[in-house]
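Number of protein chains: 2
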Amino acid sequence: MALRTPIHTLPRRVIIPKITQRHSSPCPIHHARLLATVAPPVTQSSTSSQGPTAMVFMNMGGPSTTDEVGPFLSRLFADGDLIPLGRLQPYLGPLISKRRTPKIQKQYAAIGGGSPIRKWSEHQSSEMCKILDVVNPETAPHRPEGGGAVAFTQYPQYSCSTTGSSLNELWKWRNRLEGKGDTPGAITWSVIDRWPVHPGLVEAFARNVEEQLLTYPEEKRKEVVLLFSAHSLPMSVVNRGDTYPAEVAATVWAVMQRLGFSNSYRLCWQSQVGPSAWLGAQTSDTVQEYVKKGQTDLILIPIAFTSDHIETLFELDQEVIHEAGSPGVKRAESLNGSKVFIEALADVAHKHLQSGESCSRQMGLRCQGCTSERCLEQKKFFVGQENFLSVR
Amino acid sequence: MALRTPIHTLPRRVIIPKITQRHSSPCPIHHARLLATVAPPVTQSSTSSQGPTAMVFMNMGGPSTTDEVGPFLSRLFADGDLIPLGRLQPYLGPLISKRRTPKIQKQYAAIGGGSPIRKWSEHQSSEMCKILDVVNPETAPHRPEGGGAVAFTQYPQYSCSTTGSSLNELWKWRNRLEGKGDTPGAITWSVIDRWPVHPGLVEAFARNVEEQLLTYPEEKRKEVVLLFSAHSLPMSVVNRGDTYPAEVAATVWAVMQRLGFSNSYRLCWQSQVGPSAWLGAQTSDTVQEYVKKGQTDLILIPIAFTSDHIETLFELDQEVIHEAGSPGVKRAESLNGSKVFIEALADVAHKHLQSGESCSRQMGLRCQGCTSERCLEQKKFFVGQENFLSVR
Numbered sequence: 025m026a027l028r029t030p031i032h033t034l035p036r037r038v039i040i041p042k043i044t045q046r047h048s049s050p051c052p053i054h055h056a057r058l059l060a061t062v063a064p065p066v067t068q069s070s071t072s073s074q075g076p077t078a079m080v081f082m083n084m085g086g087p088s089t090t091d092e093v094g095p096f097l098s099r100l101f102a103d104g105d106l107i108p109l110g111r112l113q114p115y116l117g118p119l120i121s122k123r124r125t126p127k128i129q130k131q132y133a134a135i136g137g138g139s140p141i142r143k144w145s146e147h148q149s150s151e152m153c154k155i156l157d158v159v160n161p162e163t164a165p166h167r168p169e170g171g172g173a174v175a176f177t178q179y180p181q182y183s184c185s186t187t188g189s190s191l192n193e194l195w196k197w198r199n200r201l202e203g204k205g206d207t208p209g210a211i212t213w214s215v216i217d218r219w220p221v222h223p224g225l226v227e228a229f230a231r232n233v234e235e236q237l238l239t240y241p242e243e244k245r246k247e248v249v250l251l252f253s254a255h256s257l258p259m260s261v262v263n264r265g266d267t268y269p270a271e272v273a274a275t276v277w278a279v280m281q282r283l284g285f286s287n288s289y290r291l292c293w294q295s296q297v298g299p300s301a302w303l304g305a306q307t308s309d310t311v312q313e314y315v316k317k318g319q320t321d322l323i324l325i326p327i328a329f330t331s332d333h334i335e336t337l338f339e340l341d342q343e344v345i346h347e348a349g350s351p352g353v354k355r356a357e358s359l360n361g362s363k364v365f366i367e368a369l370a371d372v373a374h375k376h377l378q379s380g381e382s383c384s385r386q387m388g389l390r391c392q393g394c395t396s397e398r399c400l401e402q403k404k405f406f407v408g409q410e411n412f413l414s415v416r
Numbered sequence: 025m026a027l028r029t030p031i032h033t034l035p036r037r038v039i040i041p042k043i044t045q046r047h048s049s050p051c052p053i054h055h056a057r058l059l060a061t062v063a064p065p066v067t068q069s070s071t072s073s074q075g076p077t078a079m080v081f082m083n084m085g086g087p088s089t090t091d092e093v094g095p096f097l098s099r100l101f102a103d104g105d106l107i108p109l110g111r112l113q114p115y116l117g118p119l120i121s122k123r124r125t126p127k128i129q130k131q132y133a134a135i136g137g138g139s140p141i142r143k144w145s146e147h148q149s150s151e152m153c154k155i156l157d158v159v160n161p162e163t164a165p166h167r168p169e170g171g172g173a174v175a176f177t178q179y180p181q182y183s184c185s186t187t188g189s190s191l192n193e194l195w196k197w198r199n200r201l202e203g204k205g206d207t208p209g210a211i212t213w214s215v216i217d218r219w220p221v222h223p224g225l226v227e228a229f230a231r232n233v234e235e236q237l238l239t240y241p242e243e244k245r246k247e248v249v250l251l252f253s254a255h256s257l258p259m260s261v262v263n264r265g266d267t268y269p270a271e272v273a274a275t276v277w278a279v280m281q282r283l284g285f286s287n288s289y290r291l292c293w294q295s296q297v298g299p300s301a302w303l304g305a306q307t308s309d310t311v312q313e314y315v316k317k318g319q320t321d322l323i324l325i326p327i328a329f330t331s332d333h334i335e336t337l338f339e340l341d342q343e344v345i346h347e348a349g350s351p352g353v354k355r356a357e358s359l360n361g362s363k364v365f366i367e368a369l370a371d372v373a374h375k376h377l378q379s380g381e382s383c384s385r386q387m388g389l390r391c392q393g394c395t396s397e398r399c400l401e402q403k404k405f406f407v408g409q410e411n412f413l414s415v416r
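Protein chains in written order, with our numbering: chain A, 25 to 416; chain B, 25 to 416.
Take these hints with a grain of salt, some might be off.
To spell it out: a stretch of chain A is covered by chain B in this simulated footprint if at least three of its residues, at any positions, have a beta carbon under 8 Å from a beta carbon of chain B; those stretches are [to be verified]:
# : segment
1 : 99-106
2 : 144-158
3 : 282-294
4 : 301-308
5 : 390-398
What the hints contain is simulated information worked out from the structure, not anything from laboratory work.
Where a beta carbon is used, it is the ideal one built from N, C-alpha and C, also for glycine.
The following block holds chain A by itself, in its conformation from the complex:
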């Protein structure tokens, strides 16, 4: 209903951060309208044959105030893509979210009253657009109708729980608004679905590690252990064939290669919830065990998050590091406002716009253990958009 209108009236490149809709808003367009105003207007090229290009950032939502924590958790635990609770999801989800709300509210209060994801996403996308406008003038839109939109995941490594979940939601709303079928809609969509070893991403991570390493005395620097930490996944998701663990590992290897393997390191996994089996080793255990072994100089590196949020500011800083009780246990800065990172975003987007691809070939393949019809249809839809990209 609302989809056509706002996109048509968007400025030439529109930044729509955070459309993991179940967690932040039931309709991506709601956000699109709200946030369209935050994108700086960009120079219009009247000679460009390619329509208006909306750069739609997909990221984990988060409550902006502590009052929003309850509704946010309700949507989070209702999302079977993200937190699979099986058939009992409609009953267990509300129970768990209600039980966890007071605790999580306290955590958000402890990091300033809300999630910084939105702030950083807006900053990153707005700065990225300034660059993209210079390097990719041919996609500067000039037709007020029609055109294309790029769904740009802000999870560098693809998981069905994150990017996949966002795409399922995007696809659902697109169909509600533009109807099912293989006919072209008002908007041609393409997806930047993963970019785990982009050189600029790797460079941005590596610089933050190097900066933190400099805070140790020179003679101890080589003995610091680097602990890359990524959000964990339930083993049921891993065993279904989710590509996330392997892509996170690829990022880690690339960062270590860039650092010349200057330090020893481990990849560990954080934020597991509930009694079922999740992928380990767990970050909190890892820190405790190394400290117990006498290895008290450790740098935690959030390797699957591109900006700060509750998992860095609270879980790592105020829980894991605080509980370690050792001044040598530190954390590398998140990417947040890193210029190198924002240039990387622009380069990823630029290359995608030049490629003429609707998504990666990898995205077209369902996981071997996937039983979700929604995944099947969603993938078909985005792969099929390639047919309409030429008329963008």
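With chain A held as given, fit chain B onto it using these hints.
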């Protein structure tokens, strides 16, 4: 007892394949003596200041005849590094191996009566030495006494269950023969402990994939799904902090990058044994599930093995592929005699000899959940060898 003598009398570069001692022989030197003769003599450089350099290949053992299957399995299931059965290992190990012997004997009979690992290891190491002798003449040994040995793992990705287990065994025998302590022994050891993304390794894998892709009709080629398959690990080992899953993932990413992400793919895990939880998705399930979904063109790529063995020739070829019942399910050739691969081995060894390092920095770090004193001491020993490398 025997260690000094044979190494001293070895030809200048000696190839000692397969010293995963528990599985093949209780003493590495036994093999060293047996196999010294298979290494071709190499040109001696009388001007080289560096001692005789033994290139000791570490690989999984395997029975050469079906009669050897029983004793081989006994040693395999007695190895807590490789198959952790806890305190009951001395009792459970013999039971399991006895029970499995007839079945495994049949499997070896079905692939020609024995494991081809030894044949390929000897070929690979012998060919590698020919190259190494040309590119690295300065380590051509000329002193009949003393000198160095390089333990060169033939597992490109490090696991405590494979390379770590071999090193524990090597360290144990070294100490029995040369005594404990930090004093230099007759032999200075260094270790090539991992090389998961060496460009030559990646190139060799990629070429075998490309070759297999060519067997599909051109119009179907892009739709073939690539299934990288590696030996799985128990989740107890993964959760302890084993680096293997992440390094296998790094290899997969590098191969896909080299292939230009021409096809969609998954990394899956094979050969799990017993009732405990292992890392998935399982290779056999993956093939079945894709075939069921209608994806019947699949190439299996053994990504953590460098030559054929029972897991490729029997498990993949005669079980997984046979059971798939679809002519589009195939396997990429193993590296075996690949010239590109053997040149890669020489390059890995060459760079290691030039580096002056006793092992990677990463090898010095125990896993966070490690409780093995043997691991601790073994790592100390190999890291400490760096002090003696200058006098090699």
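So, going through the hints one by one against the coordinates:
Given a C-beta distance limit of less than 8 Å, the hint that chain B covers the segment 99-106 of chain A is violated, as 0 residues qualify and 3 are needed. Restraint check on the segment 144-158 of chain A versus chain B: 0 residues with Cβ-Cβ distances below 8 Å, three needed, restraint violated. Counting residues of the segment 282-294 of chain A whose CB lies closer than 8 Å to any CB of chain B gives 8, which reaches the minimum of 3, so the coverage claim holds. Against chain B, the segment 301-308 of chain A contributes 5 residues with a C-beta closer than 8 Å to a partner C-beta. That satisfies the three-residue criterion, and the hint holds.
Remark: the segment 390-398 of chain A is confirmed as covered by chain B, as 4 of its residues place a Cβ nearer than 8 Å to a Cβ of that chain, reaching the required three.
In summary, the numbered hints that this structure violates are 1, 2.
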